[in-house]
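Residue numbering for the sequence shown is 0 to 175, as defined by numbering that gives the first Met the number 0.
I should point out that these hints are in silico values taken from the structure, not numbers from a laboratory. Take these hints with a grain of salt, some might be off.
[Said to hold, decoys possible] Computed spacing ranges between beta-carbons, pair by pair: (1) K52 / P21: 11 to 21 Å; (2) D4 / L161: 15 to 25 Å; (3) Y86 / N64: 13 to 23 Å; (4) Q135 / N84: 12 to 22 Å.
[As the list claims (entries may be wrong)] In silico lysine to any residue, SDA-like type, Cα no more than 20 Å apart, as pairs: (5) K52 / P126; (6) K27 / K57; (7) K128 / N64; (8) K54 / E125; (9) K80 / Q42; (10) K26 / N111; (11) K26 / Y123; (12) K50 / E30; (13) K52 / A35; (14) K81 / K156; (15) K18 / G38; (16) K50 / Y147; (17) K162 / Y147; (18) K50 / G38; (19) K41 / T99; (20) K57 / L140; (21) K57 / K162; (22) K55 / I100; (23) K41 / P126; (24) K54 / F174; (25) K50 / R13; (26) K54 / L130; (27) K90 / G38; (28) K7 / K156; (29) K55 / D138; (30) K81 / K26; (31) K27 / K60; (32) K50 / I100; (33) K52 / N16; (34) K50 / D23; (35) K52 / I133; (36) K54 / I133; (37) K54 / N111.
Note that beta-carbon positions come from the ideal geometry of N, C-alpha and C, so glycine has one too.
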Amino acid sequence: MEFEDVIKTRRSIRSYNKKEIPEDILKKIFEGTRVAPSGNNKQPWYFIVVKDKDKKSKIAKYSYNQSFIAEADCVVICCGKKYPNPYEPLKDNCYLVDVTIAIDHLILTARNYGVGSCWVGAFYPEPIKKLLKIPQDIDILMIVPLGYTSSEFYESKNRKDLKEFVFKEEFNKPFF
0 MEFEDVIKTR RSIRSYNKKE IPEDILKKIF EGTRVAPSGN NKQPWYFIVV
50 KDKDKKSKIA KYSYNQSFIA EADCVVICCG KKYPNPYEPL KDNCYLVDVT
100 IAIDHLILTA RNYGVGSCWV GAFYPEPIKK LLKIPQDIDI LMIVPLGYTS
150 SEFYESKNRK DLKEFVFKEE FNKPFF
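With these hints in hand, go ahead and build the complete structure from the sequences.
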């Protein structure tokens, strides 16, 4: 698939069919994730792939009862570990950016292989950490269900115009 098509047709998918994602496709998705850049090449990310039906149901429950999460073939728990960083402006919070970049690689690579996903940021982390035996020094940053969908991938028309967010030389002076 052409890269522009991947980024333009990536959608938040909240309806999944029962088709299983082959393990070789999951491996390709995580190979795309693995090459994401990170500050000082720290790679502070960890991904837990959950396929167990009971665990997916509990994760959906702990995610404000968003039932579509449990319908996905697998649920990826995206985690990160804080590392010391003396540089401004993010200091020790750089891991948040690093993991977010890796999640974006995950989602775009999944789209490239026809796999739908959704960023889920509404969840209670502690019961999920307990369920999946995640150490206390590891933070859950996002949940990403992955699966095939019968919905169509299409380009969203509800996006800001470039002049609203790309500026030349100073704030609010449109570049284009």
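* To do: Could you check the structure against the hints above and give me the numbers of any it violates, in ascending order?
  => 3, 6, 11, 13, 14, 15, 17, 18, 21, 22, 23, 24, 30, 31, 32 and 37
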